[in-house]
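*Asks:* Listed below, chain by chain, are the residues.
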Amino acid sequence: MPTKEEVFQKVQNALVEALGVDEEEVTPEATLVGDLGAESIDFLDIVFRLEKAFDIKIPRGELFPEDVLTNSTYVEDGRVTEAGLAELRKRMPFANLDEFAKNPNVQDFANLLTVADMCRFVESKVNVTA
Amino acid sequence: MRWYWIDRYIEFESGRSAKAIKNISLAEEHLHDHFPGYPVMPASLIVEGMAQTGGLLVCEYGQFRLKVVLAKITRAVFHCPALAGDTLTYTATIESIRDDGAMVSTTSHKGQTLQAEAEIFFAHLDGGHQDKTLIEPRDFLRMMRLLKAYDIGRAADGSRLKEPPGLQDF
Chain W
1 MPTKEEVFQK VQNALVEALG VDEEEVTPEA TLVGDLGAES IDFLDIVFRL
51 EKAFDIKIPR GELFPEDVLT NSTYVEDGRV TEAGLAELRK RMPFANLDEF
101 AKNPNVQDFA NLLTVADMCR FVESKVNVTA
Chain Z
131 MRWYWIDRYI EFESGRSAKA IKNISLAEEH LHDHFPGYPV MPASLIVEGM
181 AQTGGLLVCE YGQFRLKVVL AKITRAVFHC PALAGDTLTY TATIESIRDD
231 GAMVSTTSHK GQTLQAEAEI FFAHLDGGHQ DKTLIEPRDF LRMMRLLKAY
281 DIGRAADGSR LKEPPGLQDF
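Listed in order, the protein sequences are those of chains W and Z. Each step along the first sequence adds one to the number in the working numbering, with nothing skipped, and position 103 is 103. For any residue, its number in the working numbering is found by taking its place in the second sequence, counting from 1, and adding 130.
All clues given are correct.
No farther apart than 25 Å at their CA atoms in a straight line, the calculated lysine-lysine pairs in the BS3-like style are these:
1) 202(Z) / 57(W)
2) 52(W) / 149(Z)
3) 57(W) / 197(Z)
4) 125(W) / 4(W)
Covered stretches of chain W, going by a simulated chain Z footprint (3 or more residues, C-beta under 8 Å):
5) 11 to 24
6) 38 to 47
7) 50 to 63
Computed, partial: chain Z to chain W, Cβ under 7 Å:
8) 201
9) 202
10) 226
11) 230
12) 231
13) 233
14) 251
15) 253
Simulated from the structure, these hints should not be mistaken for laboratory data. Think of the CB as a built atom: it goes at the ideal place given N, C-alpha and C, for glycine as much as any other residue.
Chain W with its partners taken away, still in its complex shape (with noise of 0.2 Å):
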């Protein structure tokens, strides 16, 4: 069973492979893709090293959930609507949506997980200690 401190050690380690950055900047406020420069085929390789570090299976749209973005039930002209935001919100418990939300277009959506945002997934999946 992980403490929240090596949770936090294995995802930074990932984030530095997968997207050669330097360890110092995979900080818990770092946003990955406007501070670590992730794309989008980086999120699989994310995932991939996730599993393999934690054990864990993650299910595809399980971490960045693109089909609710790509559903016109949730979204209307850009924007992600207030059943949209609902559907987020369940779908990504691990993530705070409140800043997004106030303006909530989707080409900004991409910019919202933090590092904190996928220490909190992960400890979801696997049992933390204090």
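Could you slot chain Z onto chain W? The hints should help.
*Replies:* Chain Z alone, transformed into the frame defined by chain W:
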């Protein structure tokens, strides 16, 4: 004429790993300019060879139905040059694979010496790309035949590797 940067498979284990050889010859024109008087196999073409070794392995796993593209080379390290007259043995091992992509670790050896290593990521295109034909499944099958994959290959259960049903009839 296709872009072949491996000569022949010597091992092919479906869904797991493959080995292919590349004989480097002075007859290859690109060596005349890279570099004049000192023919060195370009590192980019070694990566291409390693990617072909692993790419066909990934394609075969999906029975050539998925649109597999080389998406990213996460890491590549070159330990020594590969020269005319050398035989490189490329090994590709599938580390992770699922319906949207695959991670493959690869090495290049000169005899027993590790010459290069790379981590290569393949994506399986879907959505808007699904209708586009990148390479016909039959072309992959031709490559696999030409590279002798079915002569030496093994299926996941250890039986002889077979051509996928429905693609042989041409």
